[in-house]
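Please arrange chain G on chain C, whose structure you already have, making use of the hints.
Protein chains: 2
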Amino acid sequence: MRTVGTFAEVRVAAPSGAALVPTMGYLHEGHLACVEAARARSDIVVMSLFVNPLQFDSSSDLDRYPRDLGRDAILAESAGVDLLFAPNIGEMYPEGPATRVRVSGVSEAMEGAHRPGHFEGVATVVAKLFAGIRPEIACFGRKDAQQLAVVRTLARDLSFPLEIVGVSTVREADGLALSSRNVRVEDRESALGLSRGLFAAAEAAASGERLAAPLEQIVTEVATDTGAKVQYATLADRHSAAPIEHLDCEAFLAVAATVGEVRLIDNVFLDPDGHADLGTRLAHPSILYEKLNL
Amino acid sequence: MRTVGTFAEVRVAAPSGAALVPTMGYLHEGHLACVEAARARSDIVVMSLFVNPLQFDSSSDLDRYPRDLGRDAILAESAGVDLLFAPNIGEMYPEGPATRVRVSGVSEAMEGAHRPGHFEGVATVVAKLFAGIRPEIACFGRKDAQQLAVVRTLARDLSFPLEIVGVSTVREADGLALSSRNVRVEDRESALGLSRGLFAAAEAAASGERLAAPLEQIVTEVATDTGAKVQYATLADRHSAAPIEHLDCEAFLAVAATVGEVRLIDNVFLDPDGHADLGTRLAHPSILYEKLNL
Chain C
0 MRTVGTFAEV
10 RVAAPSGAAL
20 VPTMGYLHEG
30 HLACVEAARA
40 RSDIVVMSLF
50 VNPLQFDSSS
60 DLDRYPRDLG
70 RDAILAESAG
80 VDLLFAPNIG
90 EMYPEGPATR
100 VRVSGVSEAM
110 EGAHRPGHFE
120 GVATVVAKLF
130 AGIRPEIACF
140 GRKDAQQLAV
150 VRTLARDLSF
160 PLEIVGVSTV
170 READGLALSS
180 RNVRVEDRES
190 ALGLSRGLFA
200 AAEAAASGER
210 LAAPLEQIVT
220 EVATDTGAKV
230 QYATLADRHS
240 AAPIEHLDCE
250 AFLAVAATVG
260 EVRLIDNVFL
270 DPDGHADLGT
280 RLAHPSILYE
290 KLNL
Chain G
0 MRTVGTFAEV
10 RVAAPSGAAL
20 VPTMGYLHEG
30 HLACVEAARA
40 RSDIVVMSLF
50 VNPLQFDSSS
60 DLDRYPRDLG
70 RDAILAESAG
80 VDLLFAPNIG
90 EMYPEGPATR
100 VRVSGVSEAM
110 EGAHRPGHFE
120 GVATVVAKLF
130 AGIRPEIACF
140 GRKDAQQLAV
150 VRTLARDLSF
160 PLEIVGVSTV
170 READGLALSS
180 RNVRVEDRES
190 ALGLSRGLFA
200 AAEAAASGER
210 LAAPLEQIVT
220 EVATDTGAKV
230 QYATLADRHS
240 AAPIEHLDCE
250 AFLAVAATVG
260 EVRLIDNVFL
270 DPDGHADLGT
280 RLAHPSILYE
290 KLNL
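Taken in order, these protein sequences are the chains called C and G.
For the record, in the first sequence the residue sitting at position 85 is 84 according to numbering that gives the first Met the number 0, with numbers rising by one throughout.
For the record, in the second sequence the residue sitting at position 23 is 22 according to numbering that gives the first Met the number 0, with numbers rising by one throughout.
Think of the hints as simulated: they come from the structure by calculation, not from any bench.
Be aware that one or more of the hints could be misleading.
Partial chain C-side listing against chain G, Cβ under 7 angstroms, derived [claimed, not checked]: (1) 6; (2) 96; (3) 97; (4) 99; (5) 100; (6) 101; (7) 103; (8) 104; (9) 126; (10) 130; (11) 153; (12) 156; (13) 157; (14) 158; (15) 159.
So the derived label-pair ranges between C-beta atoms look like this [unchecked claim]: (16) 7/C / 272/G: 32 to 42 angstroms; (17) 113/C / 271/G: 43 to 53 angstroms; (18) 15/G / 213/C: 49 to 59 angstroms; (19) 16/C / 288/G: 45 to 55 angstroms; (20) 16/C / 94/G: 23 to 33 angstroms; (21) 16/G / 226/C: 56 to 66 angstroms.
Simulated coverage check for chain G against chain C, where a stretch passes if three residues somewhere in it have a Cβ under 8 angstroms from a Cβ of chain C [what the hints assert, rightly or not]: (22) 102-108; (23) 154-166.
Every residue, glycine too, gets a C-beta built ideally from N, C-alpha and C.
Okay, chain C solo, but in the shape it has when bound (with noise of 0.2 angstroms):
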């Protein structure tokens, strides 16, 4: 695996057909499994690691956001990543970009109802990642539902021509979602509401339930009695990310908490006949808590 840190190189090891892992590093078992679906889709897997700065809406979780390039470099090249780009700011953002890209509807409701300028920062890392990068193919985690629904309605609408896969959720063995985030946790029961909220929900639209607001409710009662403090419950269609009253499309129920300072998202993805992805789970510790050799 080589490492390299502008566009230019990447484009130079990687001309044509590529498969797209964009992260923000810290990577787990979450990302590995965007790299296997990429690895099983093209013969070059590039893997972009890059805090982007525009997607936070607050400085603090910026600078909290756990970083470690040396560990993600071990872990990148362990999966079969061929291509590491890990750009500075300045590769980035040079003059402190003028540039914005703005995915309305599809950015509203949710997160974007809760993270002020979020998705416009998504939407511009990504869309500078697709034109410098031109992958042929791009692999989001499903865990971030709504961002692969912006994702890909604003590679549809730019003519990207790539196609974005979606990768099933990994949790990890009691059942939290992962994320670098999960570092950060010290009430992991209360953690634990998120994920037992949502897998109630989807037993009860396995047994039928179709309305939205009881599904809701189900979320947000459970995590709420598990000591999530819940800030959203949402079911929404999966490709308009507008939330719905009943569940007679593809959709996805999300939900968002807090638990201690941490902020936490999780979903599951709901069929209209009340099939679910409801992810993966690890049988073994996530290597987010492993020291690596280095």
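Here is chain G on its own, set in the frame of chain C:
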């Protein structure tokens, strides 16, 4: 020359290294100068032809914009265009696009102030053409000087790997800058106010004037005396498109005015030493007014 209607066909016919000339059609010698600049730099010249509704701030202006694909195809082919990309609205905006690209700063003065949303429409369609066609070079006329600055900023900020080439304004024999809108001008004499004002100011700059206010005043006075109704006359930094008070950087002096119902813009490029690019001049009537044998 082939004419195609989809991005996919363009990418098959011009897989890499193409030079793109984006147009809204109703071609004149200004567009053909861009084709010439493109041919000098690339073996494959793609011209796009799409009257982009997003960049019109008035639907009546959009409706009145002249269109003649048959004529444009003949002119494009004889100028050496290899591939004419003439998409319909369904290819460009299949679902009413949710995605918008905005370039702040450079979009705000002059045309940005007088045509709300105009540059957002330009930036969005140009980003889409760059993303979907992947040209190595794109040629734009200097007549739209602020647009050129917007496009350069956009390409840099989003890391599109291409070279933007600005092509000197082509003028009719009497000095009027070529524009598809010229066919709608009834009071020709008044329309000459724009170029005469700019030329007079360029002479003052050549004679040592470096202050914006007197240069702008010359433009306004000459244009107004000639019968044009001036909206603005502004000396601006060529790269940031920010109004400046002294000619101490690469700049352009721009004017917008209405002549009857037609709104016209024009500019001259000025260097800090007072040297000007006034554009080139046709020795014969423009093809705008020619009947072609279709």
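Hint-by-hint comparison with the structure:
1. At a threshold of 7 angstroms, the smallest CB-CB gap from residue 6/C to chain G is about 5 angstroms, leaving the interface hint in force.
2. Against a cut-off of 7 angstroms between C-beta atoms, the interface hint on residue 96/C holds, since the closest Cβ of chain G lies about 4 angstroms away.
3. Annotation: interface hint on residue 97/C holds; nearest CB of chain G at approximately 5 angstroms, less than 7 angstroms.
4. Checking residue 99/C against chain G by beta carbon gives a least distance of about 5 angstroms; that is within 7 angstroms, so the hint holds.
5. Interface hint at residue 100/C: satisfied, since its Cβ lies 5 angstroms from the closest Cβ of chain G, which is below the 7 angstroms cut-off.
6. With 7 angstroms as the threshold, the beta carbon of residue 101/C comes within range of chain G, its nearest partner Cβ sitting at about 5 angstroms, so the hint holds.
7. With a cut of 7 angstroms, the hint placing residue 103/C at the interface with chain G holds, because the nearest CB-to-CB distance is about 5 angstroms.
8. A distance limit of 7 angstroms between C-beta atoms decides the matter here; for residue 104/C the minimum to chain G is near 5 angstroms, and the interface restraint holds.
9. For residue 126/C, the shortest C-beta to C-beta distance to chain G is roughly 6 angstroms, which falls under 7 angstroms, so the interface hint holds.
10. Checking residue 130/C against chain G by beta carbon gives a least distance of about 5 angstroms; that is within 7 angstroms, so the hint holds.
11. At a threshold of 7 angstroms, the smallest CB-CB gap from residue 153/C to chain G is about 5 angstroms, leaving the interface hint in force.
12. With a cut of 7 angstroms, the hint placing residue 156/C at the interface with chain G holds, because the nearest CB-to-CB distance is about 4 angstroms.
13. Taking 7 angstroms as the C-beta cut-off, the interface hint given for residue 157/C holds, the closest approach to chain G being about 5 angstroms.
14. Proximity of residue 158/C to chain G holds as hinted, the smallest CB-CB distance being about 3 angstroms (cut-off 7 angstroms).
15. The interface hint given for residue 159/C holds, since its Cβ lies 5 angstroms from the closest Cβ of chain G, which is under the 7 angstroms cut-off.
16. Against the hinted window of 32 to 42 angstroms, the Cβ-Cβ separation of residue 7/C and residue 272/G comes to about 34 angstroms, which satisfies the hint.
17. As the Cβ distance of residue 113/C to residue 271/G is approximately 49 angstroms, the hint placing it in 43 to 53 angstroms holds.
18. Separation of residue 15/G from residue 213/C is about 54 angstroms and conforms to the stated range, judged on CB atoms against 49 to 59 angstroms.
19. For residue 16/C and residue 288/G, the hinted distance range of 45 to 55 angstroms is satisfied, since their beta carbons lie about 49 angstroms from each other.
20. The supplied range of 23 to 33 angstroms is met by residue 16/C and residue 94/G, whose beta-carbon atoms lie about 28 angstroms from each other.
21. For the pair residue 16/G and residue 226/C, the beta carbons lie near 59 angstroms from each other, so the given range of 56 to 66 angstroms is met.
22. Counting residues of the stretch 102-108 of chain G whose beta carbon lies closer than 8 angstroms to any beta carbon of chain C gives 4, which meets the minimum of three for the stated coverage.
23. Against chain C, the stretch 154-166 of chain G contributes 6 residues with a C-beta closer than 8 angstroms to a partner C-beta. That satisfies the three-residue criterion, and the hint holds.
Figure legend: structure checked against the earlier numbered hints; every hint is met.
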